Amino acid sequence: MKDVKPKGGLNAEIQSRIGHQLRAMYDDVVRQGVPDRFAELIRKLDGAEAQAQIAGDSGKNEGGE
Amino acid sequence: MPLTDSLRDDILASVPSLRAFAISLSGNGDRADDLVQETLLRALANIDSFQVGSNLPAWLFTILRNLFRSDYRKRRREVEDADGSYAKTLKTQPAQNAHLEFEEFRAALEKLPQDQREALILVGASGFSYEDAATICGCAVGTIKSRVNRARSKLSALLYVDGAEDFGPDDTVRAVIGGSGG
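If you read the sequences in order, they're chains A and B.
Residues in the first sequence are numbered from 1 upward in steps of one, following the working numbering.
Residues in the second sequence are numbered from 66 upward in steps of one, following the working numbering.
Derived by calculation from the structure, the hints in this document are not laboratory data.
Only a predicted model underlies this, so the values are computations on that prediction, with no experimental measurement involved.
Don't take each hint at face value.
Restraint ranges, calculated between C-beta atoms of paired labels, are given here [stated by the list, open to error]:
1) Ala-52/A x Lys-210/B: 38 to 44 angstroms
2) Asp-113/B x Glu-13/A: 44 to 50 angstroms
3) Arg-43/A x Ser-194/B: 28 to 34 angstroms
4) Arg-31/A x Thr-69/B: 23 to 29 angstroms
5) Ala-55/A x Gly-192/B: 31 to 37 angstroms
6) Asn-111/B x Ser-16/A: 38 to 44 angstroms
7) Met-66/B x Gly-19/A: 34 to 40 angstroms
8) Ala-24/A x Asn-131/B: 26 to 32 angstroms
9) Ala-24/A x Ser-135/B: 38 to 44 angstroms
10) Asp-27/A x Ala-222/B: 21 to 27 angstroms
A few chain B residues that don't get close to chain A, going by computed Cβ distances all over 12 angstroms [unchecked claim]:
11) Ser-119
12) Trp-124
13) Arg-130
14) Pro-178
15) Asp-180
16) Glu-196
17) Thr-200
18) Cys-204
19) Ala-205
20) Val-206
21) Arg-217
Built from N, CA and C at the ideal position, the CB exists for glycine as well.
Turn these sequences into a full structure, and let the hints steer you where they fit.
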């Protein structure tokens, strides 16, 4: 039970552990892939439609079909 | 450039990491998906300003980050549920021990100042270079480096210095020191 106090640089093992946890957390979401709502959105819209949508109902919550 | 099919595919391919970035920033799954949706709409609406051959993920991340920033200023952490809403967004719940460790890590990450958290995520998880991260955050490369370093020191202090017994030399040594095993 001794203190792990980094002096000059950080303990390399701690660093690699932080890096590992950070990526594990992140990759867990990445592995979920592309939810349907986003795939639909991108397939349906082109630039002009997207502009209209931002202007038209920013903030409004439309359920879609 | 115009929205070609291949550009559409590339944008779609960036969605998973945009979501991961949004969730890491906001700590809230629902809000993160709204952020991603808004980012996609903005990107599609402004696709003409995207330069052929430039870094599409960096461009999309910049949009998302700026949206989050303006949203964040408005909301000022009004929706911080400490109660693991992040974990609820995950499909598979980690096993109990891993789950605790995970929650602890997530809580520590949320304690970091905004600037440091985003720098650490971009470099340490999204895999951007320091240069790209600097472009995304609109600051100097040196600034990103120092934010990442400070983020790492702070996380290590929060997670491992106080609870150093969780992170002893190794189990064998601990067993010798502690005598009885648990």
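Results for each hint:
1. Ala-52/A x Lys-210/B: 38 to 44 angstroms: 42 angstroms, holds
2. Asp-113/B x Glu-13/A: 44 to 50 angstroms: 49 angstroms, holds
3. Arg-43/A x Ser-194/B: 28 to 34 angstroms: Check passed, 31 angstroms falls within 28 to 34 angstroms.
4. Arg-31/A x Thr-69/B: 23 to 29 angstroms: Once the Cβ atoms are compared, 28 angstroms apart, the range 23 to 29 angstroms for Thr-69/B and Arg-31/A holds.
5. Ala-55/A x Gly-192/B: 31 to 37 angstroms: 35 angstroms, holds
6. Asn-111/B x Ser-16/A: 38 to 44 angstroms: Because 39 angstroms falls inside the window, the suggested range holds.
7. Met-66/B x Gly-19/A: 34 to 40 angstroms: 35 angstroms Cβ-Cβ, so the 34 to 40 angstroms window holds.
8. Ala-24/A x Asn-131/B: 26 to 32 angstroms: 27 angstroms, holds
9. Ala-24/A x Ser-135/B: 38 to 44 angstroms: Violated, at about 30 angstroms.
10. Asp-27/A x Ala-222/B: 21 to 27 angstroms: 25 angstroms, holds
11. Ser-119: Ser-119/B clear of chain A: closest Cβ-Cβ about 17 angstroms, beyond 12 angstroms.
12. Trp-124: 14 angstroms, holds
13. Arg-130: 15 angstroms, holds
14. Pro-178: Its Cβ never comes within 12 angstroms of chain A, the nearest being 16 angstroms, so this holds.
15. Asp-180: 16 angstroms, holds
16. Glu-196: With a cut-off of 12 angstroms, Glu-196/B remains clear of chain A, as the shortest Cβ separation is near 19 angstroms.
17. Thr-200: 20 angstroms, holds
18. Cys-204: It holds; Cys-204/B is separated from chain A by about 20 angstroms at its closest Cβ, greater than 12 angstroms.
19. Ala-205: About 22 angstroms separates Ala-205/B from the closest Cβ of chain A, which puts it past 12 angstroms; holds.
20. Val-206: 20 angstroms, holds
21. Arg-217: Not fine: 6 angstroms to the nearest Cβ puts Arg-217/B too close to chain A.
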